[in-house]
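Participant: One-letter residues, chain by chain:
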Amino acid sequence: MRAASLLAGFALFAAAVPAAAHGLDHRVTGDHAVVVTLTYDDGAPFSFESCEVTPPAEDTPSQVGRTDRSGRVVFLPDRAGDWRVRVMAEDGHGADLTVPVGADLLPAASGPAGPSRFARLVTGVSVLFGIFGVVALVITRRKP
Amino acid sequence: MHVPDGFLGPQTYLPAYGVAGVMWAAGLRRLRARLDAATLPRLAVVTAAAFVLMMITVPLPGGTTVHVAGIGMLAVLFGVWNAFLSLSLVFLLQALLFGDGGVTALPVNALAMGLVGSLAAVGAYGLLRRWSRDAALFAAGWAGTVAAALVMAGVLGLQPLLSRAPDGSPLFFPFGWRTTLPAVVLPHLVVGVADGALALLAGRFLAPQTAPPPPGRGPEAA
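Quick note, the sequences are listed as chains A and B, same order. Each residue of the first sequence is one higher than the last, beginning at 1 in the working numbering. Each residue of the second sequence is one higher than the last, beginning at 1 in the working numbering.
Hints listed in this document are in silico derivations from the structure and should not be mistaken for laboratory results. Small disclaimer: the values here were computed from a predicted structure and weren't measured. C-beta atoms are modelled at their ideal positions from N, C-alpha and C, and glycine is treated no differently. Fair warning: there could be bad hints in the mix.
Stretch by stretch, here's where chain B covers chain A in the computed footprint (C-beta under 8 Å, at least three residues) [said to hold, decoys possible]: (1) 25-37; (2) 92-99; (3) 127-133.
Non-contacting residues of chain A with respect to chain B, defined by C-beta distances greater than 12 Å in every case (computed) [unchecked claim]: (4) S5; (5) F75; (6) P77; (7) P115; (8) R141.
Taking CB as the label site, the calculated pair distances span [stated by the list, open to error]: (9) B:V22 to A:D59: 28 to 36 Å; (10) B:A33 to A:S47: 49 to 57 Å; (11) A:F118 to B:P61: 21 to 29 Å; (12) B:L189 to A:D42: 16 to 24 Å; (13) A:D59 to B:D134: 30 to 38 Å; (14) A:D78 to B:L162: 27 to 35 Å.
One chain only, chain A, in its complex shape (with noise of 0.2 Å):
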């Protein structure tokens, strides 16, 4: 009888170990993430594409994945500095981001917006027909 309790007692500790081996526990809980929203010229999102997050003064990426349905990078710092968010698409498209993280762990209040698209644009125009007037009267002095 003894013998058999001991055996019994034995067999539950050998099931326990690998049960607990393979046991994956979960917790859930709310936090503060940095939030990258990434979205084409015309608004639609950059979705499911690949990207890499890369904490600050570090090569290896710390998390790799795709972005979401809505085109964002989400992730939860430890450190501050400046953490680097690269996105790829297969066809070339993407970007190479610093998100600077201030010592709360937060991402660091972007500045105010700056010019519109289309006032860079319209500069951008400006600056052409600046260039090539320049060039104009350099050929004009030359070629009388």
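Using the hints, position chain B against chain A.
Facilitator: Frame of chain A; chain B shown alone:
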């Protein structure tokens, strides 16, 4: 088709800067020697048009966006060298003002689209113009875009072979040719139709002011 910063390794963009630098210098010498003040305003207007048109993106099925580039239009109207310099200037402004295309990738963008694309456009025009000038203009626009896409897909697909981390993972653009060739070239087979139509329109309506060039040379660059 503009490659951003961080996609190409220094093994690619440093030699590309060397090659592009030589080409830019050669192009500027030709520009100084051969371009006249009467052509410059037209070149400026068409370059500005290409700059604006490249900013207008059209979504394609699958989530990507495309835009015309005006490579064939510039190459047929003004010749390879003027098109190369004009497009290089456009890419520089796009990189600085919009972040479209990177500064490190500038020489690759300029060589692929500005030089190879222009050469293909003028080559296609030269091959077909005796048969049909309209067909030649259309083919120039299509060929310029598709040739540029082929080069760009080749350069992107080369990156995993050139730069790898000790663990074997790619340091820069991670997709090989099997992925980049269809992903980059196939959409541009369609975009090339729009670029062909653009070159056809430009060749027809601007021809009285800027006659089509002989193969390989623009009228003002000849």
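Participant: For every hint, state whether the structure bears it out.
Facilitator: Results of checking the hints against the structure:
Three residues within the 8 Å Cβ limit are the bar, and the region 25-37 of chain A against chain B gives 0, so the coverage statement is violated. Residues of the region 92-99 of chain A lying with their CB closer than 8 Å to a CB of chain B number 5, which satisfies the three-residue condition for coverage. With 6 residues having a Cβ less than 8 Å from any Cβ of chain B, the region 127-133 of chain A passes the three-residue criterion, so the hint holds. The Cβ of S5 (chain A) lies farther than 12 Å from every Cβ of chain B, with a closest approach of about 52 Å, so its non-interface assignment holds.
Non-interface status of F75 (chain A) relative to chain B is upheld: no Cβ of that chain comes within 12 Å, the nearest being about 18 Å off. Residue placement check: P77 (chain A) keeps its beta carbon more than 12 Å from all beta carbons of chain B (closest about 20 Å). At roughly 9 Å, the least C-beta separation between P115 (chain A) and chain B is not larger than 12 Å, which violates its mark as non-interface. Separation of R141 (chain A) from chain B is inadequate, the least Cβ-Cβ distance of about 10 Å not exceeding the 12 Å criterion.
For V22 (chain B) and D59 (chain A), the Cβ-Cβ distance of about 33 Å falls inside the hinted range of 28 to 36 Å, so the restraint holds. Remark: the range hint 49 to 57 Å for A33 (chain B) to S47 (chain A) is upheld by a beta-carbon distance near 51 Å. Range check, F118 (chain A) to P61 (chain B): about 28 Å between beta-carbon atoms, so the 21 to 29 Å window is met. Range check, L189 (chain B) to D42 (chain A): Cβ separation about 21 Å, and the 16 to 24 Å hint holds.
Between D59 (chain A) and D134 (chain B) the CB atoms are about 54 Å apart, so this pair departs from the stated range of 30 to 38 Å. The given range of 27 to 35 Å is respected by D78 (chain A) and L162 (chain B), whose C-beta atoms sit roughly 32 Å from each other.
Violated hints, in rising order: 1, 7, 8 and 13; the structure is consistent with all others.
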